[in-house]
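Chemist: Here are the chains, one letter per residue:
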Amino acid sequence: GENVEQHPSTLSVQEGDSAVIKCTYSDSASNYFPWYKQELGKGPQLIIDIRSNVGEKKDQRIAVTLNKTAKHFSLHITETQPEDSAVYFCAAPNYGQNFVFGPGTRLSVLP
Amino acid sequence: GAGVSQSPRYKVAKRGQDVALRCDPISGHVSLFWYQQALGQGPEFLTYFQNEAQLDKSGLPSDRFFAERPEGSVSTLKIQRTQQEDSAVYLCASSFGTSPSSYNEQFFGPGTRLTVL
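Which chain is which? The protein sequence lines are A and B, in order.
For the first sequence, this note's numbering gives the first residue as 6, with consecutive numbering after it.
For the second sequence, this note's numbering gives the first residue as 1265, with consecutive numbering after it.
Check each hint, because a few of them may be wrong.
FRET-style restraints, in silico, Cβ to Cβ [to be verified]: (1) B:Gly1336 <-> A:Ser23: 43 to 51 Å; (2) A:Glu61 <-> B:Glu1369: 14 to 22 Å; (3) B:Lys1278 <-> A:Ser23: 30 to 38 Å; (4) A:Tyr100 <-> B:Ser1351: 39 to 47 Å; (5) A:Gly60 <-> B:Pro1334: 25 to 33 Å; (6) B:Gln1347 <-> A:Leu51: 19 to 27 Å; (7) B:Asp1282 <-> A:Leu45: 22 to 30 Å; (8) B:Gln1344 <-> A:Ser14: 28 to 36 Å; (9) B:Thr1362 <-> A:Glu61: 22 to 30 Å; (10) B:Asp1327 <-> A:Asp22: 16 to 24 Å; (11) A:Leu45 <-> B:Gly1361: 26 to 34 Å; (12) B:Gln1348 <-> A:Ser14: 21 to 29 Å; (13) B:Val1276 <-> A:Ser33: 39 to 47 Å.
Here are some, though not all, of the chain A residues that point toward chain B, as calculated from beta-carbon distances under 10 Å [to be verified]: (14) Val9; (15) His12; (16) Val18; (17) Tyr41; (18) Gln50; (19) Lys73; (20) Ala75; (21) Ser90; (22) Cys95; (23) Phe106; (24) Pro108; (25) Gly109; (26) Arg111; (27) Val114.
Hints were generated in silico from the structure; no laboratory data involved.
Where a beta carbon is used, it is the ideal one built from N, C-alpha and C, also for glycine.
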C-alpha cells in the first residue's frame, strides 16, 4: 500500500517567518493530497489540498506544491502567527480507498 | 451547521471490558470513516462505510473490533475485551461523496480518547 513520510517531526519558527513541511509518497497513481491541521484536543481539519493536475495551490498565507516526478509535496506557511502552532499532517490515497497519513509535524511559532 | 460529533469524549476501561464509541456524522454525508490515532502519531485507517454498507474493514486490527452503521447515519465502533494496546484516540470522519479519496473533504470529529487500564 501507500507509504507516506513527513519531515521534520518538529519545527520551531519565529513569528513572521516562513515554515515548510515536506512529505513523500510511494504510489505514483496517487492523485489527491490534503493537508490537515490538528489542534490539541480536536480532530484534524483540512487546511488545503492539491490535485495531481496542478503543481501549486495557494490560499492566503498557505500554499502547497506538488512534484509528481519526485513524488513529494510540501506545505508552505508564510508570515507565521502564534495561532498557526499545531500539529500538521499530510495524507495520500491508499489505492483510492482511504487515506494514509504522515506521522505529523509539530509546529511551534514563537512570539 | 453542526459538525461531526463523537461520544463519549473520554472513556476509561478496565482491561477485558467491552466499549462502544459513537459517531454522529454530518447530516447527508454518505461516507463515514473510523481512524485510530496513537499518541504522537498520525491517524490510521480502520474502516469505511458508504451509507450502511461497510465497504472496507481492512484496517481493523483484530476481530475484537467491530463497526456498524445500520441506518446509514450514526455509527458505532465496538471493541471487545479491551487491551492496553487499544488505548488511543478514535476519530470519526464523514464526507459527502461516495469515493473515499477522490477530492472529497473528510470532516473529522473531536475523537474519543480511550484509556485501557
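Chemist: For every hint, state whether the structure bears it out.
Modeler: Hint check results:
| no. | hint | verdict |
| --- | --- | --- |
| 1 | B:Gly1336 <-> A:Ser23: 43 to 51 Å | 44 Å, holds |
| 2 | A:Glu61 <-> B:Glu1369: 14 to 22 Å | 19 Å, holds |
| 3 | B:Lys1278 <-> A:Ser23: 30 to 38 Å | 48 Å, violated |
| 4 | A:Tyr100 <-> B:Ser1351: 39 to 47 Å | 29 Å, violated |
| 5 | A:Gly60 <-> B:Pro1334: 25 to 33 Å | 44 Å, violated |
| 6 | B:Gln1347 <-> A:Leu51: 19 to 27 Å | 32 Å, violated |
| 7 | B:Asp1282 <-> A:Leu45: 22 to 30 Å | 29 Å, holds |
| 8 | B:Gln1344 <-> A:Ser14: 28 to 36 Å | 34 Å, holds |
| 9 | B:Thr1362 <-> A:Glu61: 22 to 30 Å | 29 Å, holds |
| 10 | B:Asp1327 <-> A:Asp22: 16 to 24 Å | 49 Å, violated |
| 11 | A:Leu45 <-> B:Gly1361: 26 to 34 Å | 29 Å, holds |
| 12 | B:Gln1348 <-> A:Ser14: 21 to 29 Å | 25 Å, holds |
| 13 | B:Val1276 <-> A:Ser33: 39 to 47 Å | 44 Å, holds |
| 14 | Val9 | 8 Å, holds |
| 15 | His12 | 13 Å, violated |
| 16 | Val18 | 20 Å, violated |
| 17 | Tyr41 | 8 Å, holds |
| 18 | Gln50 | 7 Å, holds |
| 19 | Lys73 | 16 Å, violated |
| 20 | Ala75 | 21 Å, violated |
| 21 | Ser90 | 16 Å, violated |
| 22 | Cys95 | 9 Å, holds |
| 23 | Phe106 | 3 Å, holds |
| 24 | Pro108 | 5 Å, holds |
| 25 | Gly109 | 5 Å, holds |
| 26 | Arg111 | 9 Å, holds |
| 27 | Val114 | 20 Å, violated |
The structure does not agree with the numbered hints 3, 4, 5, 6, 10, 15, 16, 19, 20, 21 and 27 stated previously, though it agrees with the rest.
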